[in-house]
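Protein chains: 2
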Amino acid sequence: MDQTTESPAAQPPSERTRLKRYHWLGDYEKNTINSIIDSALVCQVGYVIDGAPYVTPTNHWRIDDYVYWHGSSASRMLKAQSKGIPVCFTVTHLDGIVFARAAFNHNVNFRSVMAFGNAEFVEEEDKRRSLEAFTDRVAQGLWQHARQPTEKEWKATRIIRMRLDEASAKLRSGPPIDDEDDYKLDCWAGVIPLKVVALPPESDPNLREGIEAPKFIRDFFLWGEG
Amino acid sequence: MDQTTESPAAQPPSERTRLKRYHWLGDYEKNTINSIIDSALVCQVGYVIDGAPYVTPTNHWRIDDYVYWHGSSASRMLKAQSKGIPVCFTVTHLDGIVFARAAFNHNVNFRSVMAFGNAEFVEEEDKRRSLEAFTDRVAQGLWQHARQPTEKEWKATRIIRMRLDEASAKLRSGPPIDDEDDYKLDCWAGVIPLKVVALPPESDPNLREGIEAPKFIRDFFLWGEG
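Protein chains in written order, with this note's numbering: chain Y, 1 to 226; chain W, 1 to 226.
Just so you know, these hints were derived from the structure itself, not from any lab.
Owing to the predicted nature of the structure, the values given are computational and were not obtained by experimental measurement.
There's no promise every hint is true.
No copy is singled out in the list; a pair is fine if it fits within one copy or between any two copies.
Each computed BS3-like pair below joins lysine-lysine, with the alpha-carbon atoms no more than 30 Å apart [claimed, not checked]:
#1 Lys195 to Lys30
#2 Lys184 to Lys127
#3 Lys155 to Lys170
#4 Lys152 to Lys184
Please put together the full structure from these sequences, using the hints given.
Structure below.
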């Protein structure tokens, strides 16, 4: 991975993003954070309404230093966020199960990002650019593939964004770490890697005859694979 | 799936778990909720500290009507939750990408659970039973496989639980739903299913020679598969 030491996110930008424990897992490097965000299609957005915590899973994408997510204008999450409320944006990849020689040292391999910021609505004039980026990130060419939104559909689409100012990554990879004495135990230890795979495309049963899947569907691959 | 109409979760148990939109996706049936929780190894727990939202990914498990998660005694999340603070517990499975004939109708197939409750510490006397349930849920026989925790390790292990009183599930599956007029478009539509798979086990490079992976590792399968 490209190490950019002058990256603005190379140091924890605030007290709450500095990892209090497992600081040896901390990686504040901007490219790492971006790569974890970009290789996930689902994020979890936390926010507060009347003092109570809410977490909403949704689809996200990133343009430069902003993460974006969207949904219907009518959803509870977006109503609350239209006021520019503070949110906690998180992405998690589960990469494996780590079996140790001691129950206490079982673990998981993972990559996660936690980012704090203020959610804001994307203005009308920027909605098209940002949704185009979203669909083309899912599959290059997808935006042009489908019918463009009508005026009514645009009105029903609200897009939220948040600047990645306070972000940190946390990662674990590799074999188990056991206590020194435990390595002599007669106990298997290792990792079962987990991976998200894309299965072959399934055409809509209502698809008209003679319509072939486009190249970007036939060649579909998951971001961050390999 | 077993439909139990008298299930306590068969109706939305509170206003905030009733889905405000997409109510046609709502499924308040207890078995559905449990199955979504049980087939995930990672959850996201949302909570509030000093009015600000936090979301922490962690591993969870379920015993009857409680979800459990754990971590070090020192973590920020557990410190905040030791006071019995309100949390929002969520689990999300991404099952596929849904390509429609109209950009507005692109979607994802997913299964998610949102549950509200008060987090509480699990008492010392119940810690063993609950951790045993956790490891055996990951792989049957895992608890007995590894060295049992020492007194010091037990002390460093805090387990949190929350009763599933206010829980709801939200699901989408199947092909895209397009506007009637769009079905005549010369545009491919369908689904790319996504799936989490377990790859073959990788032994710890520091494993002593002659130690074979146990049956529960060789036969490992992901919960909720198939």
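Alpha-carbon proximity context of Lys184 and Lys127, limit 30 Å: between (60 Å within a copy, 27 Å between copies)
What label fits Lys155 with Lys170 when the C-alpha limit is 30 Å: within, between, both, or neither? The answer is between: 25 Å across copies meets 30 Å, while 38 Å in one copy does not.
How would you label the pair Lys152, Lys184 (within, between, both, or neither) given a Cα cut-off of 30 Å? The answer is between: 20 Å across copies meets 30 Å, while 68 Å in one copy does not.
Intra- versus inter-copy proximity for Lys30 and Lys195 (alpha-carbon distance at most 30 Å): For Lys195 and Lys30, the Cα distance is within 30 Å both inside one copy (24 Å) and across copies (29 Å).
Every hint from the earlier list agrees with this structure, and none is contradicted.
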